[in-house]
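Student: Chain by chain, the residues:
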Amino acid sequence: MIALIPLLPLLGFLINGLWYAFFQAAPGRSKASAGLTGGIATLAILGSFVVSVLLFLQLQELPAQSRVLDQVLFPWISFGGFKLDLAFRLDPLASLFTLVVTGVGALIHLYSIGYMGHDATPGKFFAYLNLFCFAMLMLVLGASLPILFLGWEGVGLCSYLLIGYWYTDDEKASAGKKAFIVNRVGDLGFLLGMFLIFSVFGTLDFAVLQSAVTQGGQAALPAGVTEAAVTAICLLLFVGCMGKSAQIPLYVWLPDAMAGPTPVSALIHAATMVTSGIYMVARLNALFSLSPTAMAVVAVVGGVTAFFAATIAITQRDIKKVLAYSTVSQLGYMFLACGVGAYATGVFHVITHAFFKALMFLGAGSVIHGMHEEQDIMKMGGLRGKMPVTFFTFAMGWLAISGIPPFSGFFSKDEVLWLAFSSQHGSFLLWGLGALTAVMTAFYMTRLFSLTFLGKPRFDERKLGAAHGHDEGHGHAPAGVHESPWTMTAPLQVLALLSLVGGFIGIPHLSWIEHWLEPVIPAHHASAEVAPHMEWVLMALSVVGAVIGITVALRLYANLDRAKELAVRWAGLHRVLFNKWYVDELYDALFVRPIHGLSQVLWKRLDVAVIDRLVLGFGKASLWSGQAVRVIQTGSIQLYALVLLIGIVVSVGYLIYGMA
Amino acid sequence: MAWLDSHLLTTTVFLPLVWAVIGLLIPTGAPGGRAALRGWSLAGTLLVFAVSLLIYQRYDAGGAEFQLAESAAWLPALGINYRLGTDGISLWLVLLTTFLMPVAVLSSFRAIETREREYYFLLLFLETAMLGAFVALDIFLFYVFWEMLLIPMYFLIGIWGGKDRVYAAMKFFLYTLVGSLLMLVAIFYLAYQHKLQFGTYSAAFVDLYRLKLPGADYTSAQSLLFLAFALAFAIKVPLFPLHTWLPDAHVQAPTAGSVILAAILLKMGGYGFMRIAFPLFPQAVALYQVPFMVLGAVAVLYGAWVAMVQPDIKKLVAYSSVSHMGYVVLGLFSLNSIAVTGSYYQMLNHGISTGALFLLVGMIYERRHTREISAFGGLTRVMPLFAVAFMIVTLSSIALPGTNGFVGEFLILLGAWQVSPALTAVAGLGVIFGAVYMLWMFQRVMFGPLKHKENEGLKDLSFREMLVLAPMIVAIFGMGIFPNFVFDKLSPSIDRFVARSTTAANPAQGE
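Protein chains in written order, with our numbering: chain A, 1 to 660; chain B, 1 to 511.
Any given hint might turn out to be false.
Stated by the list, open to error - Calculated pairs, DSS-like style, for lysine-lysine (alpha carbon to alpha carbon, straight line, at most 25 Å):
id, chain 1, residue 1, chain 2, residue 2
1, A, 580, A, 456
2, A, 580, A, 379
3, A, 321, A, 386
4, A, 564, A, 321
5, A, 83, B, 459
6, A, 580, A, 604
7, A, 604, B, 163
8, B, 459, A, 31
To be verified - Taking CB as the label site, the calculated pair distances span:
id, chain 1, residue 1, chain 2, residue 2, range
9, B, 199, A, 598, 56 to 66 Å
10, B, 210, A, 199, 26 to 36 Å
11, B, 452, A, 33, 56 to 66 Å
12, A, 207, B, 488, 37 to 47 Å
13, B, 422, A, 80, 54 to 64 Å
14, A, 376, B, 467, 29 to 39 Å
In case anyone wonders, no lab produced these hints; they're calculated from the structure.
Every residue, glycine too, gets a C-beta built ideally from N, C-alpha and C.
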């Protein structure tokens, strides 16, 4: 039954993929419609959503401590002293993720039917989208690290394929390649971490590992294992998380990943795949809890990334880039939570973020669709009246991410901040970083919202739709701004509702989600030194901060000239932020160019000029001399043929002689 | 049938040669003659594959070490005999060979238009030599097959090769010969040692495994003999820095030649290490373990970096072989069952994925008569099926989980980590740079706009080409998802190999 969850989308992929490759792909062949191919894909993922719900209910029936369902498909890699099954395990943590992945996934599939309606090759798109869901569900359901890794690299592949979906544009193809390669850097860390786990614990299975590092429900170092070893394991695995979940220093691929179609940005690069790192840390929480050093690194990297990405988001003009940096920033919050030991809160923020960020990406997609591929928010404005559903639903996402109660983001973000302060691993500094980021988040999201929907239009409606084309084949019939079709607005409305009420699964002190996750993530104990009333003080502070951020941005961007004036006055800072702190340029100078140059030198100076000559010279000298060398250099093939023929005759002669 | 049953290996080995000789009689000048020759050759390789499946079926993983054994006196006075037999290590390389030969033949139908009779003769002759080397249980017989390989390969490159074929063939020939000469001396020494220790000459592997040779230091008999064999095998692998014959040989060879060269000939090196150099000289292996692991790890990175900057696709694939075979050496010298199993699997994988890459490169070469990466770009638009196949093979080459490549690389690194985390980390960088050179090449060939007019009318895969690629793609996923199919009939032999090669720890074996 568990296997159905990933296998249904795999089936969808095979149907659409084979159908496309063999019957639609050839130039000149007619392509199946988005309705048909998207319908198949949506049904597939909807099917696994239904299975996920049924299994969730089944889990709920069980007593808390035995909420685990196992399914072994077959032994994958087994020989002598090594045994690895292709096995799934559904526990409360995995169950939550399957619900989010298939639920939000199904909504985004449905949305894509509308969004990709004019695309040239929807069959290919939906095949990839289903393949992604398959890999993501393998990642979530894998019972051991290698199965998780299988999904981990699988989602990376789909991300690569979908970022470069419009492959004829070199820039988009490069963005896909960059995503894959940066992720591979992280994956190497993941692999090495896995190897170290195997040599320290002798297993790669989550359950065995979990029982090795827990005693009486609490994390405890097993005999013979040093804390240094655990720290090394956690840090190596966390390198993997930095890649997949876009944390400093490996976040650079995610903003570029916005080259992919917008539903892809919503599903893969906001709601699901990029949260894999948090999933892994939560899955291995017992291990991480054994290393205060590793936890501190996770918390600091998360906190700093949250702040750093927010600074960049403030100045970006591309609607998707703002959302991308915001995603990096929000992922930082999740790691901040994990790093202070509040794994369940990290997971809680994964879920609310999946709702409101998917909502905003889809909203942005709706705007881009309606604006005929315009992505620059400076050229938008006043869309409130023209796209009312998009406007209204987007507003829900905006308020949620800004942390306004009772929207979902408020609950999860506030819990992250409170625990960053109050946990025994927390500190005032971590809280301060998070709180400052929260104010900035409210500010830049309001800026985005205001520039897009409020004020007066800063574009000429008659010219829209006349000259677009970079999303080739993505054409639109009617000119002028228009609201999107129901397949697009319906998912927006569902997600808006979830963004509004989703936070109630994690109300402070009554948190359903913490309770639900308890079999996997032991209950969190607050530090005794923190006064209980501080929780309410800090909550009030963060709401005030959000309101300030919103108010300042609303007033500033109501008059664009004033905002521009400000950018001129702070020109230096603005330039640095707008150019994303020049990190891409830095990496280019530090890694890309030197390695490329070195490789050229190795090839031309070492391989060809030194080794080749040395070995060839040695070979010639040792085999022949004088006359013979001259003969070789004539390159007379007949001569060699003769030599070799003699060789054959001698060999065969030997053979016959010997037999006789 | 009874004769076939008792001579299954001989039949498999010599059937291609017999078939090839008969093929020479087909009058290619007559109408339909050339098609008949092609059909005949394809049928022959398919028949050999079918016969080799019988070997798979008869081989019992739980049984004796060498099975289906045959022997006949040859030069009994010198202890040299015609001895064949197979264990798990031979078995899968035999199957790899018989599996790939029909593919190689089928891929040649359009590419080879001159002197076809000689071409198919040499191809089948080559198959006999390769199969013979993999199942020979007599070290001299092994040597004969090993040298015999050179002849058809030399001509395949020298006659049907590219512009610099003569230079490349010569280089290939020289390199291999240098390695072989020392090996021959070492073989005679071993047979003589057997006489000294047991009173008779013998060249049988099972007899030689019992030899006791001093192996305490870097200049002991074991060390010197090990180095003599290691040189020959390292050249074949090819191990950095003895790899420079490979790029030239690959680039110049015709497609089928490159496929066989990469897929099977290089495996002779790994096989030689496993059959001869390790079990015969365990103490020397222990002494040289670290240097060779270093060379393996360096090769992984070096091959990947140099591959990255190649302007010619075929050369890029050739250097990627250096990188992939570096993993094999790293794993073999790690000497635990996980890494060695991974290494062996990686040899099979490399045969499939690199073989498939050469097939793909050959297909676009036949259309455009160039292999310069810069001559392409945007091919996906006109060749979508080709793009799918190319992508799958690329993923196999960069070891994506679910494909065969992952199983090998994962096991090698997992096993090597237990010996040297540092070297594993260095070799692990290949995980990153493998993706860099493959995806960058893929992008420049397949993505972007169709910028060259000549590429606009390119035809997608023909039915024959699909038939060529289909078995490779099936193998890529089959071996990625069900590796136990291979391991079941491999792992007892690997365990025996590891036990025999690590007895160095036990001083009773040596001095």
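Student: Now, for every hint given, state plainly whether the structure supports it.
Tutor: Hints, verified against the model:
no.	hint	verdict
1	A/580 with A/456	29 Å, violated
2	A/580 with A/379	21 Å, holds
3	A/321 with A/386	23 Å, holds
4	A/564 with A/321	19 Å, holds
5	A/83 with B/459	46 Å, violated
6	A/580 with A/604	36 Å, violated
7	A/604 with B/163	21 Å, holds
8	B/459 with A/31	19 Å, holds
9	B/199 with A/598: 56 to 66 Å	58 Å, holds
10	B/210 with A/199: 26 to 36 Å	35 Å, holds
11	B/452 with A/33: 56 to 66 Å	33 Å, violated
12	A/207 with B/488: 37 to 47 Å	26 Å, violated
13	B/422 with A/80: 54 to 64 Å	26 Å, violated
14	A/376 with B/467: 29 to 39 Å	51 Å, violated
Violated hints for the displayed structure, listed by number in ascending order: 1, 5, 6, 11, 12, 13, 14.
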